[in-house]
Structure formats: structure tokens, C-alpha cells
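Those protein sequence lines, which keep their order, are chains F and X. Just so it is clear: in the first sequence, position 523 is 1585 by my numbering, and no numbers are missing. Just so it is clear: in the second sequence, position 127 is 1189 by my numbering, and no numbers are missing.
In case anyone wonders, no lab produced these hints; they're calculated from the structure. Fair warning: there could be bad hints in the mix.
For identical chains, the list gives no copy identity; a pair is met inside one copy or between any two copies.
25 Å max Cα-Cα, derived DSS-like pairs, lysine-lysine [stated by the list, open to error]: (1) Lys-1492 to Lys-1150; (2) Lys-1139 to Lys-1546; (3) Lys-1237 to Lys-1172; (4) Lys-1237 to Lys-1171; (5) Lys-1409 to Lys-1372; (6) Lys-1358 to Lys-1171.
Number of protein chains: 2
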Amino acid sequence: MRVLRNSAALKAADCLSAQRYLAASARNARNARLNISPRPSAQRLTSATGIRCFASSTSRPNMESYLAKEPAAPEFKTASFPGPVSEKAIAELDAVFDTRSLNTICDYKKSYGNYLVDLDGNVLLDVYAQIASIPLGYNNPALREVAQSEEMVNYIINRPALGNFPSGDYAELLKTGILSVAPPGLNQVFTAMAGSDANETAYKAAFMYYRRRERGEGAEFTAEENESAMRNAAPGSPDLAIVSFKRGFHGRLFGSLSTTRSKPIHKLDIPSFNWPQAEFPQLKYPLEEHVEENRKEEQRCLDNFEETIKNWHCPVVAAVIEPIQSEGGDNHATPFFFQGLRDLTKKHNMLLIVDEVQTGVGATGKFWAHEHWNLSSPPDIVTFSKKAQTAGYYFGNPELRPTKAYRQFNTWMGDPSKALLFKTIVSEIKKNNLVEHTAEVGAYLYSALESLAKKYPDQIHNLRGKNQGTFIAWDSPRRDEFLKVAKTVGLNVGGSGEAAIRLRPMLIFQKKHADLLIEKVEEIFKKW
Amino acid sequence: MRVLRNSAALKAADCLSAQRYLAASARNARNARLNISPRPSAQRLTSATGIRCFASSTSRPNMESYLAKEPAAPEFKTASFPGPVSEKAIAELDAVFDTRSLNTICDYKKSYGNYLVDLDGNVLLDVYAQIASIPLGYNNPALREVAQSEEMVNYIINRPALGNFPSGDYAELLKTGILSVAPPGLNQVFTAMAGSDANETAYKAAFMYYRRRERGEGAEFTAEENESAMRNAAPGSPDLAIVSFKRGFHGRLFGSLSTTRSKPIHKLDIPSFNWPQAEFPQLKYPLEEHVEENRKEEQRCLDNFEETIKNWHCPVVAAVIEPIQSEGGDNHATPFFFQGLRDLTKKHNMLLIVDEVQTGVGATGKFWAHEHWNLSSPPDIVTFSKKAQTAGYYFGNPELRPTKAYRQFNTWMGDPSKALLFKTIVSEIKKNNLVEHTAEVGAYLYSALESLAKKYPDQIHNLRGKNQGTFIAWDSPRRDEFLKVAKTVGLNVGGSGEAAIRLRPMLIFQKKHADLLIEKVEEIFKKW
Chain F
1063 MRVLRNSAAL
1073 KAADCLSAQR
1083 YLAASARNAR
1093 NARLNISPRP
1103 SAQRLTSATG
1113 IRCFASSTSR
1123 PNMESYLAKE
1133 PAAPEFKTAS
1143 FPGPVSEKAI
1153 AELDAVFDTR
1163 SLNTICDYKK
1173 SYGNYLVDLD
1183 GNVLLDVYAQ
1193 IASIPLGYNN
1203 PALREVAQSE
1213 EMVNYIINRP
1223 ALGNFPSGDY
1233 AELLKTGILS
1243 VAPPGLNQVF
1253 TAMAGSDANE
1263 TAYKAAFMYY
1273 RRRERGEGAE
1283 FTAEENESAM
1293 RNAAPGSPDL
1303 AIVSFKRGFH
1313 GRLFGSLSTT
1323 RSKPIHKLDI
1333 PSFNWPQAEF
1343 PQLKYPLEEH
1353 VEENRKEEQR
1363 CLDNFEETIK
1373 NWHCPVVAAV
1383 IEPIQSEGGD
1393 NHATPFFFQG
1403 LRDLTKKHNM
1413 LLIVDEVQTG
1423 VGATGKFWAH
1433 EHWNLSSPPD
1443 IVTFSKKAQT
1453 AGYYFGNPEL
1463 RPTKAYRQFN
1473 TWMGDPSKAL
1483 LFKTIVSEIK
1493 KNNLVEHTAE
1503 VGAYLYSALE
1513 SLAKKYPDQI
1523 HNLRGKNQGT
1533 FIAWDSPRRD
1543 EFLKVAKTVG
1553 LNVGGSGEAA
1563 IRLRPMLIFQ
1573 KKHADLLIEK
1583 VEEIFKKW
Chain X
1063 MRVLRNSAAL
1073 KAADCLSAQR
1083 YLAASARNAR
1093 NARLNISPRP
1103 SAQRLTSATG
1113 IRCFASSTSR
1123 PNMESYLAKE
1133 PAAPEFKTAS
1143 FPGPVSEKAI
1153 AELDAVFDTR
1163 SLNTICDYKK
1173 SYGNYLVDLD
1183 GNVLLDVYAQ
1193 IASIPLGYNN
1203 PALREVAQSE
1213 EMVNYIINRP
1223 ALGNFPSGDY
1233 AELLKTGILS
1243 VAPPGLNQVF
1253 TAMAGSDANE
1263 TAYKAAFMYY
1273 RRRERGEGAE
1283 FTAEENESAM
1293 RNAAPGSPDL
1303 AIVSFKRGFH
1313 GRLFGSLSTT
1323 RSKPIHKLDI
1333 PSFNWPQAEF
1343 PQLKYPLEEH
1353 VEENRKEEQR
1363 CLDNFEETIK
1373 NWHCPVVAAV
1383 IEPIQSEGGD
1393 NHATPFFFQG
1403 LRDLTKKHNM
1413 LLIVDEVQTG
1423 VGATGKFWAH
1433 EHWNLSSPPD
1443 IVTFSKKAQT
1453 AGYYFGNPEL
1463 RPTKAYRQFN
1473 TWMGDPSKAL
1483 LFKTIVSEIK
1493 KNNLVEHTAE
1503 VGAYLYSALE
1513 SLAKKYPDQI
1523 HNLRGKNQGT
1533 FIAWDSPRRD
1543 EFLKVAKTVG
1553 LNVGGSGEAA
1563 IRLRPMLIFQ
1573 KKHADLLIEK
1583 VEEIFKKW
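Using the sequences plus the hints, can you model the full thing?
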């Protein structure tokens, strides 16, 4: 498919897709869980700019007028990157805060929608979005409105210790926000602060659950357990493990880092638990052209998983896995693999923890990426963070609440101000059908990248993420150079693993942005 | 000293103390680090209520008018605790969120100043303050103002990945906020989210620093290190330890929990690192009456510390310690012990990490509790959270920045919205001399508790916290019962360790609140 860049053609294409979109919306309206009830109204499909056609058409001037004020295109102004104003500010920051991982020093007040503005005024189309953590664009008016609300002010200035002193409205806040998008089958939540502690508290829940079953219901802790736990020794502090997968990433604190297998730089010099890793499938792309050999590879990995956990020196109580390995290089597996993994964890009385920190909240064209899998039973635990702007883990089995109070506890246990922000994000996602929108725009973008890959076969290898929304990546033989040059054509884009360029646009990414992205990527290829 | 409760006497006493306070303020004005410049003005000392006399008297209508609107006294209205409205709300919350550690379900919109209001309208004088994490009272107007500011809105709706995409004003935000109160000798910060990850990232810095020195400057990681780290094995993932102290508390994630030694319930069933614990002094109170035997006990613990780290199975790279063991029971040690510990860590090339998560930000009558110690050299790392409303660790040695980028990193690396909140907290603390104020009110409260202890020697054991601001505690033979009954007289108070009642009032706690507290405590004793 040829990418349309001419504006008239673009309008036509967009509004054609908008019609398909409406049909999809109508189907989605039956999705009671998300409570979507679009009322199609054709005359509202074309906005003033002609190319912003949201799926359902209940009155939502905010989103349309918001995007109408976006810059028309990226604009790279400085002779080099970073420019002189940025250079100076970076040096100033570096005196007090390590800046060696600094990518761009930003002016967030000027950033808008899909566009990130740096201190020198360079305007970058942002398809990295704060490491996949901005859901609705910079300076989103709905978020602005809630940030200025009395609710938000109250939560900010009166931050509670939620486990001891929750506010009377916390149940309502959870139910109308975080829990309104709980993955199917899961109806409870433990709230946390970021991806790492979401995963670690999930691991703790898994360990306590394992020992609960081993100990027998109602059994009290023994004196020996109490005493030995204080010495970090068994049986109170037992030798138990979480299995993760090669190239997986689950965070950087001590427990989560022990399950992270992305790169040595993440792990070097830090003591870790002697926990196992299983093979993650290394599939051939495009997946649909390598069905049989990929199936074999996935079966090999399932066999390896079972061998690994059966032969480990201690009980392996849970497996943790990302739906798409993100930091590790955008590695995909098919539903066959995840179904097999679910079944193996059931067979061996293990928990399945799905780490949706990066994949969750809509970017894959489902609210949760694991909804693509059709598992025989839901994951036991699903963790979230990033685009949620808060964090935690969902679960369904009430026995995953530990046997006693204060076993899973900390002072803040989350943050109502962030829970309110997520509630608003959820509301905007639903109101604007942004999950379906992202599925649609993702398909459009993937298709355009397929065409580009045919034109530049030396530059785009292993294009992946088909039918995974905008969660798209490819391998580049000049990846690090690509990421740098991208800035000079007005793109902010990130990498993952050894060679991948990963796209992580926001949920408000439109087909026109996809066209711009393709144009800019081609501009880079043409320079080479 | 007899507690003054008569209002006329109280006014006189308060304003006498206010004069002493002014003198202290003038001295403090010379403290250039805190940039304090009070302009005494006697006629402003007595507010409309007659008993709120702030130390320095620059115009600060906000704080005075804020406190003037506080409830006059606690008010317990319901027949039982929790009352019927609370009971219903707790049941509703419990359906989705574990409430077994729930203490009070609150109405934060109605809470004010030092008073916490529950869902049934009970008005409690709050000397627990969200587990010591509320610095300036509920619905503080200065915090309200900043929460409504454009700065705050910007930070909330455009949350950056600080390590990659900091905003241009982050250096300024750090320098005028978090770093403006950096402990003497420390001038850099790594920002985090809560106490646990502040400590864990500090531990990671300590491990990387140890291996840097061991490896030799400029040495690259070997192939073997890179490969073994991915398997969680040495040498890439080395066997190294952090030593902590018996009864210490440093958090509940996997690394921090391995250093936590407070109670089995915090640790049971969770795998931990084989790290050592050293003896923490068990002193006799009041400290000034047991100088010699306490000195011996502290020397015994220093000797035990040295033995412990010398004989451990692997290198012990750092010691982590709280200035006052808080969760573990409000256990104190004297400057002699901490000076000795500093010297021993230097002698053995170890880092000293001071965990000021609970003691920091003014409550002990110094901004940082370790400023009471007069160490021979500053701690290497100081961690903070709670009353800072954000978290992280301070350090001074530039080599505590790891050798390469992305070694100490995560997506958010803190939160500018919380950094802005802390900046405002710091500004209010300085403007109102709240550290000195807390030292003064603490001395007053301690003295009143001493009198009460003489009157009720069976109820107040081991009163402690003299000259430690309001960071005061005592042991109670009926502790758990005391904490429950306290609610019914209108007090919200917390426990720590096995038998301690710990006071953690806010920095805006006044002498009149101290009087009320004493009155209510006595009311409980009189019931028994």
C-alpha cells in the first residue's frame, strides 16, 4: 500500500477509514465491560482540519479542538542536537543530577498533543512518549481540567497512608477508575507507585500464597519461622523463586531486577536471587509467513519452561512475562505460546503474572495486551504502570490477599492523586474509543511500514506488531545512528534491545501523524 | 513541670516561650544554609487566639489564619469506633481493597490543621500524621496554593521520564527545593518515589561503587561479568551485602526488606538476601541518668558491628541505619554510637547510609536527625521520603554516580509534581521556622510527659526523645488497648515495636496541642 501524503487524498482516505471505524465502534458498543455507547452522527466525522475523525461521535469538542491546535508538522531548527540552549541547561542540571542518559531536555509548557518541544524550540513528533508512559498527549485539556479540580488539590495536599487511613471515597475512586478497566476475571487491586514495586508486591503476594497453601489453611507461623525470618534464613525466609524469560524486563529494584534479563548494564554489580530464566521464543517475522517454524520454536520454549521449573533447586512459585518483551527488543510470541504457558503454570500449581507495565492501557489495540490471547483462564495477576500514570497489580483470587494484615503494606500504598489521573485517562479513552482508534491507526501505520520495508529492505528488518495497535518495531542495521538522526528530521523515537526501533506513540496518534512518521523515516533513509 | 491548661496561664507561658524562641530565631538567622532571615516584631507574637506565637515574625498571615480556623478541640461523637458510616464504607472498600490494616476511614476535605476527621465526623487530634508523613497539616493553604498553580498542573499532566527527558526547569526545581535542604556535605540527589526505592537505589549505588573501586578506575566489564550477570550469578552479579541493625526498618521490597529487622510479619515467606545484622544498642532511659552503662552498651554494639562485618561470608559494602529506629520501637542511640559507627565504616572502607525516611524533615528538632551527631565526616548517603512527600537519596562523592549511563535508571525516576510539593514544604518550614519551633514544642511536650510519667509511673515507661523535637515515645504495658481507647477521647496516635506509643505530630503542632494531648492521655489513664 502506498502512503498517501497529499492532503486531499489524505482526507478522503481518512474519512473512508472513519466509516470503517464507525462500524467497528458499533461492534464495540456491545462491549459492556467498557461501557461504550457511541452514537454515530456522520456530519461530525470531519473536523475543521478535515482529518481528525474520531470513531464515535458523541459531543467531544475537547479532543477535537485539542488536536486542532497541534503544530502542523515537526520543525527542527538548530544546527545540531542538542542545540545551544539545551547544552547549557544540561550542563547546569548535570552539576546536581546525572544526565548521561539524558535524551532531550524539554519545554513541557510548549509541548502539545503528539509534539514534544525542546529547550531550543525544536518541535519533535513524539513516538516514544516518555518511554511509553504518556497516554493522551502533552497538555491534554481533560487532564488539565482534572489537575485543576478540587478533588485533585485535596488528594495532593492531604496524601493518606492508604492502608491505614484511606479516604471515604477511595472505594469509589478505585471502582470508577482503576477497577473499571480491570482485566476480565480480576476484580481486586493492590495499588503501588511504579512498575518495579507493582511487580515486586505481586511477587510477594505469590510467595505468601504459595506458603499459605503449603502450610495449610489456618496454620499459624511457627516459632522457628518467626525467628529465622528475622535472620533472613529458612524456613521463615524460604528459598523460593520466580521464573522469568530471557530478554524480559520487569524493573530494577532487587526482586524485579532478579527477573530482568534484558541487558548486562541493567544488572551488573547488583546482588540477585538465584532464580531461573526460561527461553522466550525467537520468532521469525512476519509471523504469518512462518507459522509452522514459529510454532515449533514456541513449543521448544514451552518444553524448556517446563524442564526449567521442574529441575530448579527450589520451588518456582510463579512465572512473570510481558505480552511483548519491550525493553528486551520488542520480541513477540503468539497466543499459542501464552496459552501453553497458562496451561503449564496451572499444571504445576504456579501463578501466572502478566507484566503489562509497558503493553497495558491500549497501545496494542486492546486495553490489555493479554486480551489478544484467549487464555483458558485469566492470568492470576496483572501488573500495570506507565500510561496508567499510577501502578499496581490486579488479581481475582481472594486468597491472594495475604493471611494477615500488614503483610502486604507500606506507608503510601499508591497515591490517590495518580488514581484520579488514571480515572480521567480511562474516561477519555472510553469517550473517544481510543483503544479501537489505536488498533485502526496501528493497522494503517503497519501497512505503510510494510510498504516502506519493501522499498528499503536493507533498512527495515523484521517489521513486527501486526494487529498489535501502534506497538510496532523493526530492526535496523544502523539503529543507534537512526535514533540520533531522527531528531534532526523532527522525530523523537526510541530503541529497544540490541537493534530494534520501537514505536510507542500515544493513544491520540492519528493517521496524519503516521503519514508524517513514514515521511520522516523515509527522509532518513534517503540521506543514507 | 506542671502542665498549664488554664488559658490565661497558657498565653503567658506561650508568649514567654515565644520570646526565647525569637532569640533562637535570631541565632538561626545566621544559618546561611537554610537562608533564614526572621525580622522580629513583638506585637505580632500573639495571634487572635492568643496562643499561636510563631518564632520569627515576618508577615505570615497564612499560617496564623490557617491555624486559627482549626477546631478548638477533639470531638468524639459516635458510640463506638469506627462509627456506623465508617463501618459501611469500610465494608464497601474491603470488597476491592484489603482493609485489615485499616485504622480510620477519613474525610480529608473536612480534616484541618492538626485535626483528622473521620467519616462519622469524629474530630481527632492527629499525632500520627499518616505514619509521620504529613509535614504541614491537613488542607494547608500554602500547599493548596501550589497545588492549584500552573506549575503543578504542568507537572501533573506532562509527567516526564526524568532520566531521558527532564524539563528545562528540573535543575532549578531541585536546587530551590530538594537540594536547598541537602544535608551538610552532600550536594547531589537521585530522586525516587518512596522510602523503599530510595533505600534500594542507594544500596545499588553502594554496590556499584564497591565494584568500581575493586575493579579499578576505567576498567571495563569483562565478558564473563556480562554473561554471568544475565544468569544472576557471580562475578557479574556478585555476593555482596548491606549490614543493617536489629529492629531496624528500611522498607518492604526485596532488597530493603532484607535489611528490615523489625517484626516477623514484615518478612515471613519472602525470600531474602543472606545479609548480616548487627546489634543496635538497647539503652536505658532517661539517657542522661544512665550515661555510663549506656556508653558500655553502645561500645558493645560497636564491637559487635565490627566483628559482624569482618567475619561475614562476603564483603559488606555499606551499613544502613536509622537515626532513631522508628517502626522497630523508637529505639535511640547517642552521638557516641553514631560517631563510632561512622569511624568504623571509614576504617573498613564501607559506606554509611543514613535512612532518614521517618526522622527527616524537621520532626527531631533538626532538619535531618543525623545533624544531632557531629560526625567526623558526613554520611555517604542520606535517604528521605514521608514528610518530603517525595523520595530519593542525597550524596556528595561524585563517584557514587555509577560509571556508565543507564546503570541507575528507571522510567520516572521521581516525580516533578512531588518535588514541587516538597519545595513548598521546605519554603513553609523556613518561613515559619518550623524546625526550631518543633524543637521548642518538643521540649515543652517532653517536659509535660515527664511530669505525667511521675504521676502515672505504671503507665509510662521509658519515656524517650528528649531534645529530639516531637519525636517522642514511651512504652505502655497496655499499648494496643491504649491506641484503641485513644480514639474515643479524640486522639489519633500510633504505636511502634512491641510496646511503644510513638508521637509523630506535624511540624505545625503547637503547645496548645501538646496540652490537649497531655490532657487526653491523662483522661485515658484515669479510666484505668
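For each hint, the structure was consulted:
{"no.": "1", "hint": "Lys-1492 to Lys-1150", "result": "neither (42 Å within a copy, 30 Å between copies)"}
{"no.": "2", "hint": "Lys-1139 to Lys-1546", "result": "within (15 Å within a copy, 65 Å between copies)"}
{"no.": "3", "hint": "Lys-1237 to Lys-1172", "result": "between (34 Å within a copy, 23 Å between copies)"}
{"no.": "4", "hint": "Lys-1237 to Lys-1171", "result": "between (32 Å within a copy, 20 Å between copies)"}
{"no.": "5", "hint": "Lys-1409 to Lys-1372", "result": "within (11 Å within a copy, 47 Å between copies)"}
{"no.": "6", "hint": "Lys-1358 to Lys-1171", "result": "neither (51 Å within a copy, 60 Å between copies)"}
Checked against the numbered hints given earlier, this structure breaks hints 1 and 6; the rest are met.
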